[in-house]
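S.K.: Listed here are the chains, written in short residue letters.
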Amino acid sequence: MSSTSHAFDISGSYELHNFETGPPETTEVTKEELVNIFETMYTMRRMEITCDNEYKARNIRGFCHLYDGQEAVACGIQAALAPEDSWVTSYRCHVLALMRGGSVSEVIGELFGKAGGVTKGKGGSMHMYNKEHNFFGGHGIVGAQVPVGTGLAFANKYKAKPGEPMNVAIACYGDGAANQGQIWESANMANLWDLPMIYCIENNHYGMGTSIDRHSSISDYYKMGNAIPGLRIDGMNVLSVIEGMKFAKEYVGAGNGPIYVEMMTYRYHGHSMSDPGTTYRNRDEIEFTRSNRDPVEHVKSCLQEADFMSAEEIKETEKRIRKEVQKEVMKAKEWATPEYKEVATDIYAKSLTPYDGTYPPFVRMPDFAKSFTFDV
Amino acid sequence: MNLFTAINNALFIALETDPSSIVFGQDVAFGGVFRCTQNLQEEFGPDRVFNTPLNESSIAGLAIGYASMSGGTAIGEMQFADYMFPAFDQIVNEMSKFRYRSGNQWNCGGVTLRSPCGAVGHGGHYHSQSPEAFLTHCPGIVVVMPRGPKAAKGLLLSSIRSKDPVIFLEPKALYRAAVEDVPVEDYEVELGKAEVMREGSDVTVLGWGGHLRVLEQACDLSKENDGISCELIDLQTLTPWDIECVTNSVNKTGKLIVSHEAPVTSGFGAEVVATVQAECFYSLESPIQRVCGLDTPFPLVFEKYYIPDKLKNYEAIKTVVESANNNN
Ligand SMILES: Cc1ncc(C[n+]2csc(CCOP(=O)(O)OP(=O)(O)O)c2C)c(N)n1
Ligand SMILES: [Mg+2]
Numbered sequence: 001m002s003s004t005s006h007a008f009d010i011s012g013s014y015e016l017h018n019f020e021t022g023p024p025e026t027t028e029v030t031k032e033e034l035v036n037i038f039e040t041m042y043t044m045r046r047m048e049i050t051c052d053n054e055y056k057a058r059n060i061r062g063f064c065h066l067y068d069g070q071e072a073v074a075c076g077i078q079a080a081l082a083p084e085d086s087w088v089t090s091y092r093c094h095v096l097a098l099m100r101g102g103s104v105s106e107v108i109g110e111l112f113g114k115a116g117g118v119t120k121g122k123g124g125s126m127h128m129y130n131k132e133h134n135f136f137g138g139h140g141i142v143g144a145q146v147p148v149g150t151g152l153a154f155a156n157k158y159k160a161k162p163g164e165p166m167n168v169a170i171a172c173y174g175d176g177a178a179n180q181g182q183i184w185e186s187a188n189m190a191n192l193w194d195l196p197m198i199y200c201i202e203n204n205h206y207g208m209g210t211s212i213d214r215h216s217s218i219s220d221y222y223k224m225g226n227a228i229p230g231l232r233i234d235g236m237n238v239l240s241v242i243e244g245m246k247f248a249k250e251y252v253g254a255g256n257g258p259i260y261v262e263m264m265t266y267r268y269h270g271h272s273m274s275d276p277g278t279t280y281r282n283r284d285e286i287e288f289t290r291s292n293r294d295p296v297e298h299v300k301s302c303l304q305e306a307d308f309m310s311a312e313e314i315k316e317t318e319k320r321i322r323k324e325v326q327k328e329v330m331k332a333k334e335w336a337t338p339e340y341k342e343v344a345t346d347i348y349a350k351s352l353t354p355y356d357g358t359y360p361p362f363v364r365m366p367d368f369a370k371s372f373t374f375d376v
Numbered sequence: 377m378n379l380f381t382a383i384n385n386a387l388f389i390a391l392e393t394d395p396s397s398i399v400f401g402q403d404v405a406f407g408g409v410f411r412c413t414q415n416l417q418e419e420f421g422p423d424r425v426f427n428t429p430l431n432e433s434s435i436a437g438l439a440i441g442y443a444s445m446s447g448g449t450a451i452g453e454m455q456f457a458d459y460m461f462p463a464f465d466q467i468v469n470e471m472s473k474f475r476y477r478s479g480n481q482w483n484c485g486g487v488t489l490r491s492p493c494g495a496v497g498h499g500g501h502y503h504s505q506s507p508e509a510f511l512t513h514c515p516g517i518v519v520v521m522p523r524g525p526k527a528a529k530g531l532l533l534s535s536i537r538s539k540d541p542v543i544f545l546e547p548k549a550l551y552r553a554a555v556e557d558v559p560v561e562d563y564e565v566e567l568g569k570a571e572v573m574r575e576g577s578d579v580t581v582l583g584w585g586g587h588l589r590v591l592e593q594a595c596d597l598s599k600e601n602d603g604i605s606c607e608l609i610d611l612q613t614l615t616p617w618d619i620e621c622v623t624n625s626v627n628k629t630g631k632l633i634v635s636h637e638a639p640v641t642s643g644f645g646a647e648v649v650a651t652v653q654a655e656c657f658y659s660l661e662s663p664i665q666r667v668c669g670l671d672t673p674f675p676l677v678f679e680k681y682y683i684p685d686k687l688k689n690y691e692a693i694k695t696v697v698e699s700a701n702n703n704n
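Those sequence lines, one after another, are chains P and A.
Last residue of the first sequence: number 376 in the numbering used here, and the count goes up by one each step with no gaps.
Last residue of the second sequence: number 704 in the numbering used here, and the count goes up by one each step with no gaps.
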């Protein structure tokens, strides 16, 4: 691969709180890196749109929160952090699972409730994890992942070798979550003990149907840590996210204590599949964002600006990725559903199967012919 | 009316008849996730019906503070029962004990916290739980779970007007599904009273909330297939519960099935069984059966195995009756 690179202007992407200097105003990106970013973000986009379609076809049921519009955030964080850094997030977790070791088929397979899914089909949309890739996953209770993330930061500090930069922890949460009481508690701890913790607020301007001016007395989320320094990042520009997150990682990893990061972003879909997303905001707002600030379109224009890819090549790539995503979905559809005995595994360290008397040995199914007896 | 319109109607009456009453919670100004509060803000204004930020513990705290000052009526909504846990400290340590620990100087009897609970078929870990047993373990609060629109309206109005703080759990699967004739006027259903839904002579079947629909079907099946006559009881209020109604019935039938959706271990069924064996020991003809959820986190893909469905109940009814017959 060629090592051609291009310098992009990212000035104006940041606002600082309690920092004298922030991330750089330009960034040098190689062709390989940028193409990779594009492919990743386009895959995310296609995956979420596919989820939408499969949901409407009733192949996916239940609660399902999509990430399209916010791709630059997850992609940029992944590019800036090291694989050893710990990551925890909310229920809006499909794309993060993809960043942290999952494949499209494993993510969508989880939504289908298949045994091959990232959580063996036992979690569904809001619950995806990957131990090998330090992904501590999706959490259904708004804000609950943030104290957990603080614990991860504590562990990282505890285990760090003296004098070396620490692995860091990042907790992503929404603008609605940002005022949950438990977040304030944990931020105080992190600051008191200089934990390598990144509090990352994905400000998509709405918590379900409530806009930030109606649910928060503070709209400058990056200042919310008070004494904790903060950084607001243009979350629709992946290059700004990468540089901003490198800056954040370096700052907290060096033992300076935590940072608040606010990503200015937008979700295209409604809050979840039961929300059309158009009753509390108007279509113009969505359309305006799509045509002026779309994070995927932005990467495409960067590719062209640097002469890394032509419009033609971009189209080809998109076509290929669409096919790949479709293939992954077909693959996941073929997988088996989890076995019934899985209902009793993973509750305690000692598995409750094979049958140990805790569960009724005979399971009567709605269709009697399918009833069965546990292997004792 | 269906369940959500019955709830809406009760809230409307409460706001109309009690000028101190306020209704609040996440997105309630827009009608709430399940439409239970729709049009209330339009009707009663944003001072009395309003949205809160995403803060369960402060929703509970706000209710307690408001109600304890000059006896205001605070009707808060927890968007899902699963989200009640962030507010648990306020509920268990503040709300339930305010009267007791202040020597009756203060109380927050004007609080009612409404919350949707139970399985819906695809809710997964955090949109399906039935937390009633966590709450019944806490003296000082009243826990209510209606089975359908008509009972819900009367029970909710009683809860709102009760002098004790009430947690009112609404079976979310029935919001749209259950349709009944509901009187439009203001009426109450007494708290602490069970209702015998069907009289019978062979076995007492006890449940609460939306789960009674399943139990009705199980009773039908037992009648059709085995000619068993079930006495079906809806507990309605879990604390304080109607011990007399249940023990009278068990003394008559000699047999009891208790069924609930929440996990079996330490479920409220255990409380019922312990009391019934003490009160009705000499009338019992066979061991009491509990037909409940499995002791697992609420499983997403395994919901239909987890649920104590009509066939599991049918089987239990049959077992209880047969075992009594064999011993006679
Ligand atoms: C404790 C708790 N309360 C309420 C909910 C219901 N709920 C799920 S997401 C959400 C809105 C969260 O908004 P935000 O934090 O901005 O995140 P976003 O969905 O925009 O990513 C609400 C109210 C929940 N899951 N947990
Ligand atoms: Mg948001």
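Hints are not guaranteed to be accurate.
[Stated by the list, open to error] Cross-link-like lysine to aspartate or glutamate pairs, in silico, EDC-like; alpha carbons within 20 angstroms at most: (1) P/K333 <-> P/E54; (2) A/K628 <-> A/E661; (3) P/K341 <-> A/E679; (4) A/K473 <-> A/D540; (5) A/K680 <-> P/E342; (6) P/K341 <-> A/D685; (7) P/K31 <-> P/E313; (8) P/K131 <-> P/E84; (9) P/K246 <-> P/D9; (10) A/K526 <-> A/D602; (11) P/K300 <-> P/D284; (12) P/K300 <-> P/E33; (13) A/K694 <-> A/E679; (14) P/K246 <-> P/E28; (15) A/K526 <-> A/D562; (16) A/K680 <-> P/E339; (17) P/K120 <-> A/E679; (18) P/K120 <-> P/E313; (19) P/K341 <-> A/D671; (20) P/K323 <-> P/E54; (21) A/K680 <-> P/D346.
In short, the hints are calculated from the structure, not lab data.
S.K.: So, for every hint listed, does it hold in this structure?
M.R.: Hint check results:
no.	hint	result
1	P/K333 <-> P/E54	holds, 11 angstroms
2	A/K628 <-> A/E661	holds, 11 angstroms
3	P/K341 <-> A/E679	holds, 13 angstroms
4	A/K473 <-> A/D540	holds, 11 angstroms
5	A/K680 <-> P/E342	holds, 14 angstroms
6	P/K341 <-> A/D685	holds, 18 angstroms
7	P/K31 <-> P/E313	holds, 13 angstroms
8	P/K131 <-> P/E84	holds, 11 angstroms
9	P/K246 <-> P/D9	holds, 16 angstroms
10	A/K526 <-> A/D602	violated, 31 angstroms
11	P/K300 <-> P/D284	violated, 23 angstroms
12	P/K300 <-> P/E33	holds, 13 angstroms
13	A/K694 <-> A/E679	violated, 24 angstroms
14	P/K246 <-> P/E28	holds, 13 angstroms
15	A/K526 <-> A/D562	holds, 12 angstroms
16	A/K680 <-> P/E339	holds, 13 angstroms
17	P/K120 <-> A/E679	holds, 15 angstroms
18	P/K120 <-> P/E313	violated, 37 angstroms
19	P/K341 <-> A/D671	holds, 13 angstroms
20	P/K323 <-> P/E54	holds, 15 angstroms
21	A/K680 <-> P/D346	holds, 19 angstroms
Consistency note: the structure conflicts with the earlier hints numbered 10, 11, 13, 18.
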